[in-house]
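Those protein sequences? They're chains Z and E, same order as listed. Going by this note's numbering, the first sequence opens with residue 1, and the numbers climb by one from there. Going by this note's numbering, the second sequence opens with residue 434, and the numbers climb by one from there.
These aren't lab readings, by the way, just hints derived from the structure by calculation. There may be inaccurate statements among the hints.
[Claimed, not checked] On the chain E side, residues computed to face chain Z include the following (Cβ under 8 Å): (1) M526; (2) N568; (3) F570; (4) I584; (5) I655.
As the structure is a prediction and not an experimental result, all values here were calculated from the model. Idealized CB from N, CA, C, for every residue including glycine.
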Amino acid sequence: MNSTNEGASASHSSAAIKASLKKRYARERRFQWYGRMAVLTGFVFLLVLLVDIVGKGYPAFTQQYIRVTVDFSAEQLGVAPGASEEQLAAANYLGVIKNSLRAMFPEVDSRKEKRQLYRLVSVGAEYQLRDMLLADPQLLGQTREVWLQAHSEAGSYLKGQVSAASAEADRKVKDVQMAWLDQLRAQGRTESRFNTTFFTAGDSREPEMAGIKVALYGSFFTLLVTFLIAFPIGVSAAVYLEEFAPRNRLTDLIEININNLAAVPSIVFGLLGLAVFINFFELPRSAPLVGGIVLSLMTLPTIIITSRAAIQSVSPSIREAALGVGASKLQTVFHHVLPVAMPGILTGSIIGMAQALGESAPLLMIGMVAFIMDVPAGVTDPATVLPVQIYLWADSPERGFTEKTSAAIMVLMGFLIVMNALAIYLRKRFELK
Amino acid sequence: MDTGRQQEAAAAGAQAREPLDIRDHGSVGDAYQTIGAPFVDDAKMSARHVNVYYGEKHAITDVSLDIGRNEVIAMIGPSGCGKSTFLRTLNRMNDIIPICRVEGQFYLDGEDIYSQDQDTVLLRARVGMVFQKPNPFPKSIYENVAYGPRIHGLAHNKAEMDEIVESSLRRAGLFEEVKDQLDKPGTGLSGGQQQRLCIARAIAVSPEVILMDEPCSALDPIATARIEELIDELKDNYTIAIVTHSMQQAARVSQRTAYFHLGKLIEVGDTKQIFTMPEHELTENYITGRFG
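Taking the hints into account, I'd like the entire structure generated from these sequences.
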């Protein structure tokens, strides 16, 4: 080649490169824009979802109270003056409340209006009075100002969720009730407080008395069982398959089956749980124990697959180093491979657990959809879980349950965040070592 | 890699000559004879008629070699010649590769190390290994060294363990540099320090033989010089087999040199003799830098 030719071709090719450069950069910019748009779209959807849920759910965290003058006289309660505890427990508290309400609004006389009046306070108010009196029998014969829980419909008016503008037939709070509530508010007899009932009660037919505690405990116990079963078994299986098992047809078959199991619809696991654990082994129905076992079956494939990937990704040089100083295979795995793989294993496990937390279908099959008011004390007590509780409330027509549904979703997300935070904390601890 | 240094050395001898293609000049019949002196009187380890297969691939063909007591033997040869594979057969590190099959007899002090009742854990405690890439455990410097003695139960209390860790680090020439940061992660050290840590880890279990698989290939020249000095000091107490790509390194640290070529042991002899008067044409071509 002579020099002029060479120079010409060099400048020619650099011109070509320059021309293509523009295109290449444009493509890169376009691609970045697509990426940004994708992220933005996802973010907007998330934001809309969050705003909607929080907007609907936050009123559920306040509870309305009405101050009523209660006359605890023996005569009103229908008991003798030195009544025993049993008699006090069976006393006529409903009558006392009705009398107190009538005393505040003496003008009410028709039967229909009276019924409307009684519906201002919660059905639970009589139990509130009973508990007060049982706690302090000295109250008998005295008159006290008591804050009673408002009925959820009255509460929704006090919270400003219902207004008189809508047609009376379309709402449960009638005009006359609104007038009474306005009057009470003017007298300073209404109050809004933080809704502790929501966190301390189980499910109820009355929205103002319904709480999430049963579902929260149920979810906790269920996930505890799931974790205790799925994590050790899943990690052990992954370690065995990855480090010890011979590579042959059988292990290939097992691997394919594990991968397929991860794709099995979750309700199938519910059917399995119903048939095997409840019908055959006769474990208690609706119990977190069975729920946990079923969910652990569902979570196992996820944990095994991610753990195997994490173990696989541990650098072979670490294995060689350990074997090179004379560590046995087991020591190599437990002292060196597993600690390094642990962050990945934890990430996989938390994904599996998060799936389990949000699962409702298999739990419906084993009866965790029951209406349960008592907080479970252990894994064998009947309970429900957060997603099922959300499903149950979402199904109820009362306005009070609509806000409870969103509030329960917020609690579920809070639970999830706590779980993830724990996992991240554990992962960081393992990574530091 | 230190190909630069190889080329430099090769330049002196091979400037005028065209480079050769290894495939044209690598054909030695299957029934070949190793030239030189593969056997010694006082052998620490002996290998006889070693054949290694990776699946269908015949990686090592009929290699017989002795490693003398307290000597440093260097194994050199072009890439893929089987020198690392041979080294790894000496402490059965190839056992962990499922497709690898090893044939032949191996003895450590006259004991068959591939016999049924030979424990690989014990063998690897007696025949330690330092790898190509520094591979400290992702743990503290102290833990890196203490791990071997701990699993073998060599220390009975904390004081003994401290003693082992300190003396191992001292012998590896690392103690002065790290004595104030023994609890820092070993992975935070520089490449050369990491490799010396790996050597300390290997000698902490007081092995009789140390196998080194290109211990300096990932290190800079200064770190390499430190390791070479260290090898020189260690040979008084240990038998060392070192695989290296650098012929200068082989010449500097070893007493004997073995030249491997496409899975065959072509020539073995005193290092000085191999580098000055190689007998086989392939050896000569390699050390003069005509391929490699």
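Consistency of the hints with the structure:
Hint status for M526 of chain E relative to chain Z: holds, with the closest Cβ pair at about 7 Å, below 8 Å. For the restraint placing N568 of chain E at the interface with chain Z, the shortest Cβ-Cβ distance is roughly 4 Å, inside the 8 Å limit, so the hint holds. Below 8 Å, beta-carbon pairs count as interface contacts, and F570 of chain E has one with chain Z at about 6 Å; its hint therefore holds. Restraint check, I584 of chain E versus chain Z: the minimum CB separation of about 6 Å is within 8 Å; hint holds.
Taking 8 Å as the C-beta cut-off, the interface hint given for I655 of chain E is violated, the closest approach to chain Z being about 23 Å.
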